[in-house]
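Chemist: Here is how the chains run, residue by residue.
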Amino acid sequence: MMEDSAEGRARRTADDAYGDQAIGAAGALADTVRRRLYRYVCEQGEAGRADAAEALGLTRNLAAFHLDRLAEAGLLEVERRRLTGRRGPGAGRPAKVYRRSDREVSLHLPPRDYASAARLLAEAVERAGAEEALYAVAREEGRRRADAAARETGTAVPATLGELAGALARCGYEPAAPPEDGAPGGEVRLHNCPFQTLAAEFPPVTCGMNLELMRGMVERWGGFTARTAPSPEGCCVAISKNKND
Amino acid sequence: MSDHHLAQLNIALLKAPLDDPSMADFAAALDPINALADTSPGFVWRYTDEGANDASASRPFGPDLLVNMSVWEDVESLRAYTYGNSGHLDYLRRRREWFRPLGRPSLVLWWLPSGTLPTLSEAGERLERLTANGPGPEAFTFRTPFPAPGAHAGVEHASDPG
Chain A
1 MMEDSAEGRA RRTADDAYGD QAIGAAGALA DTVRRRLYRY VCEQGEAGRA DAAEALGLTR
61 NLAAFHLDRL AEAGLLEVER RRLTGRRGPG AGRPAKVYRR SDREVSLHLP PRDYASAARL
121 LAEAVERAGA EEALYAVARE EGRRRADAAA RETGTAVPAT LGELAGALAR CGYEPAAPPE
181 DGAPGGEVRL HNCPFQTLAA EFPPVTCGMN LELMRGMVER WGGFTARTAP SPEGCCVAIS
241 KNKND
Chain B
1001 MSDHHLAQLN IALLKAPLDD PSMADFAAAL DPINALADTS PGFVWRYTDE GANDASASRP
1061 FGPDLLVNMS VWEDVESLRA YTYGNSGHLD YLRRRREWFR PLGRPSLVLW WLPSGTLPTL
1121 SEAGERLERL TANGPGPEAF TFRTPFPAPG AHAGVEHASD PG
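In order, the protein sequence lines correspond to chains A and B. Here the first sequence stands for residues 1 to 245, numbered as in the working numbering. Here the second sequence stands for residues 1001 to 1162, numbered as in the working numbering.
Chain A on its own, in the form it takes in the complex (with noise of 0.2 Å):
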């Protein structure tokens, strides 16, 4: 975390006033091009210059401007890689691919350090062995989600994992596209962790809070199952159909 960890404040020095690295990130995202590439990276995980270019219609040479302000900017990861296929002598340089990076970007104006707090109150919930309360307002609060996601977007219950995809999204989940519903195993997946630098820290009790959360929301919409997964990227529950639904 760019701001709200130890780390960051002690790196801090008067020429780092607060939230500037931060502000520096935001900024770089207030051009709409820039916007519009930092998502498609997003969304596909991982982009080269030519495949960013040709999704949204920009020359070579400006998608390959912008995806390195994006990256100087610390919101995005750099890799060169050579392209499949091509090895050896008249490969040519290998070519640059980005992906969203690690580092998360917060900025509170006035300052406010929520980070901290909820790892404060994490560790307290382990000590107490208050496990079981977190848990309990967790899946209230998933049921409370879903009914807000349905007032607000009007949308029906999802009843397929595609629609379950979408309600997800909508949540602030991103979620993978979804396998056929049918298809043997099919699960939805969810790539972004909402509470990454948490759930490093204390992840049982992190992931039993995003369990329930997510066991909450699928209670509501009814016909789903989620489940613990841990995956090495992205977000440790797995949702899927129940059968004879």
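There may be inaccurate statements among the hints.
[Claimed, not checked] In the SDA-like style, the derived pairs of lysine to any residue whose C-alpha atoms are separated by at most 25 Å in a straight line are: (1) Lys-1015/B to Leu-134/A; (2) Lys-1015/B to Asp-113/A; (3) Lys-1015/B to Glu-72/A; (4) Lys-96/A to Val-137/A; (5) Lys-1015/B to Glu-126/A; (6) Lys-96/A to Ala-64/A; (7) Lys-243/A to Gly-1087/B; (8) Lys-1015/B to Thr-1039/B; (9) Lys-1015/B to Glu-123/A; (10) Lys-243/A to Leu-1107/B; (11) Lys-243/A to Arg-227/A; (12) Lys-1015/B to Lys-243/A; (13) Lys-1015/B to Ser-1077/B; (14) Lys-1015/B to Arg-1095/B; (15) Lys-1015/B to Ala-130/A; (16) Lys-1015/B to Glu-132/A; (17) Lys-96/A to Glu-123/A; (18) Lys-1015/B to Phe-1146/B; (19) Lys-96/A to Pro-203/A; (20) Lys-1015/B to Gly-1103/B; (21) Lys-1015/B to Leu-1102/B; (22) Lys-1015/B to Arg-112/A; (23) Lys-96/A to Ala-26/A; (24) Lys-96/A to Glu-43/A; (25) Lys-1015/B to Ala-124/A; (26) Lys-96/A to Leu-120/A; (27) Lys-1015/B to Ala-133/A; (28) Lys-1015/B to Pro-194/A; (29) Lys-1015/B to Ala-1057/B; (30) Lys-1015/B to Asp-1074/B; (31) Lys-96/A to Leu-109/A; (32) Lys-1015/B to Val-137/A; (33) Lys-1015/B to Pro-203/A; (34) Lys-243/A to Glu-1097/B.
[Stated by the list, open to error] Far from chain A, some chain B residues (derived; all Cβ distances over 12 Å): (35) Leu-1030; (36) Ala-1057; (37) Ala-1080; (38) Leu-1089; (39) Asp-1090; (40) Ser-1121.
Derived from the structure by calculation, the hints contain no laboratory data. All C-beta atoms in this analysis are idealised placements derived from N, C-alpha and C, irrespective of residue type, glycine included.
With chain A held as given, fit chain B onto it using these hints.
Modeler: Showing chain B alone in chain A's frame:
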């Protein structure tokens, strides 16, 4: 090959005897969870009671305190086993169904020379040290790890070039 391995001790305060119906899910998980550890990358050794496949019978630290002690190649391999697969994370998530909070640290990590094994009394001392002084190079936690003796500190935090 590193010249140090990571030792781990975990103690857990049972809510009920292991053969109580309320403990059935946990008791049934012991064998598969232990089998999962044995086949996990970086696993070196785990303590078992004499003639048993787990450590659920001996209670060296108290009649209701379950003990789990093991050795791994490094922090990353133990972390991957502990949190990185549903087989184990799901039971950690549910631990309050079966265990009371201790009100003090229940897990301690420390480094020991490769090829040696920890004893329960040494493990108990490490946990006492962590409880008394907080995390340090001799007794630490996942949240506050320390590098193995002689290892280059901070390697994993080195910034990427370019």
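Chemist: Work down the list of hints and note, for each, if the structure agrees.
Modeler: Hints and how they fare:
1. Lys-1015/B to Leu-134/A: holds, 19 Å
2. Lys-1015/B to Asp-113/A: violated, 37 Å
3. Lys-1015/B to Glu-72/A: violated, 53 Å
4. Lys-96/A to Val-137/A: violated, 45 Å
5. Lys-1015/B to Glu-126/A: Judged against 25 Å, a Cα distance of about 16 Å means the pair holds.
6. Lys-96/A to Ala-64/A: Judged against 25 Å, a Cα distance of about 9 Å means the pair holds.
7. Lys-243/A to Gly-1087/B: holds, 23 Å
8. Lys-1015/B to Thr-1039/B: Violated - the C-alpha atoms of Thr-1039/B and Lys-1015/B are around 29 Å apart, more than 25 Å.
9. Lys-1015/B to Glu-123/A: holds, 21 Å
10. Lys-243/A to Leu-1107/B: violated, 40 Å
11. Lys-243/A to Arg-227/A: holds, 15 Å
12. Lys-1015/B to Lys-243/A: violated, 35 Å
13. Lys-1015/B to Ser-1077/B: violated, 30 Å
14. Lys-1015/B to Arg-1095/B: At roughly 10 Å apart (the allowed maximum being 25 Å), Arg-1095/B and Lys-1015/B satisfy the hint.
15. Lys-1015/B to Ala-130/A: Since the Cα atoms of Lys-1015/B and Ala-130/A sit roughly 15 Å apart, the hinted pair holds (cutoff 25 Å).
16. Lys-1015/B to Glu-132/A: holds, 14 Å
17. Lys-96/A to Glu-123/A: violated, 41 Å
18. Lys-1015/B to Phe-1146/B: Violated. Lys-1015/B to Phe-1146/B sits at ~32 Å, over the 25 Å cutoff.
19. Lys-96/A to Pro-203/A: violated, 34 Å
20. Lys-1015/B to Gly-1103/B: Judged against 25 Å, a Cα distance of about 14 Å means the pair holds.
21. Lys-1015/B to Leu-1102/B: Holds - the C-alpha atoms of Leu-1102/B and Lys-1015/B are around 11 Å apart, at most 25 Å.
22. Lys-1015/B to Arg-112/A: Not OK: Lys-1015/B and Arg-112/A at ~40 Å, beyond 25 Å, violated.
23. Lys-96/A to Ala-26/A: Holds, at about 23 Å.
24. Lys-96/A to Glu-43/A: Holds, because 17 Å separates the two Cα atoms, which is no more than 25 Å.
25. Lys-1015/B to Ala-124/A: holds, 20 Å
26. Lys-96/A to Leu-120/A: Violated. Lys-96/A to Leu-120/A sits at ~40 Å, over the 25 Å cutoff.
27. Lys-1015/B to Ala-133/A: Measuring from Cα to Cα gives roughly 17 Å; hence the hint holds.
28. Lys-1015/B to Pro-194/A: violated, 33 Å
29. Lys-1015/B to Ala-1057/B: holds, 15 Å
30. Lys-1015/B to Asp-1074/B: Violated, at about 32 Å.
31. Lys-96/A to Leu-109/A: violated, 35 Å
32. Lys-1015/B to Val-137/A: holds, 23 Å
33. Lys-1015/B to Pro-203/A: holds, 22 Å
34. Lys-243/A to Glu-1097/B: violated, 28 Å
35. Leu-1030: Its Cβ never comes within 12 Å of chain A, the nearest being 18 Å, so this holds.
36. Ala-1057: The claim holds: Ala-1057/B sits with its nearest Cβ about 25 Å from chain A, beyond 12 Å.
37. Ala-1080: violated, 9 Å
38. Leu-1089: The claim is violated: Leu-1089/B sits with its nearest Cβ about 5 Å from chain A, within 12 Å.
39. Asp-1090: Violated: least Cβ distance 5 Å, not greater than 12 Å.
40. Ser-1121: holds, 26 Å
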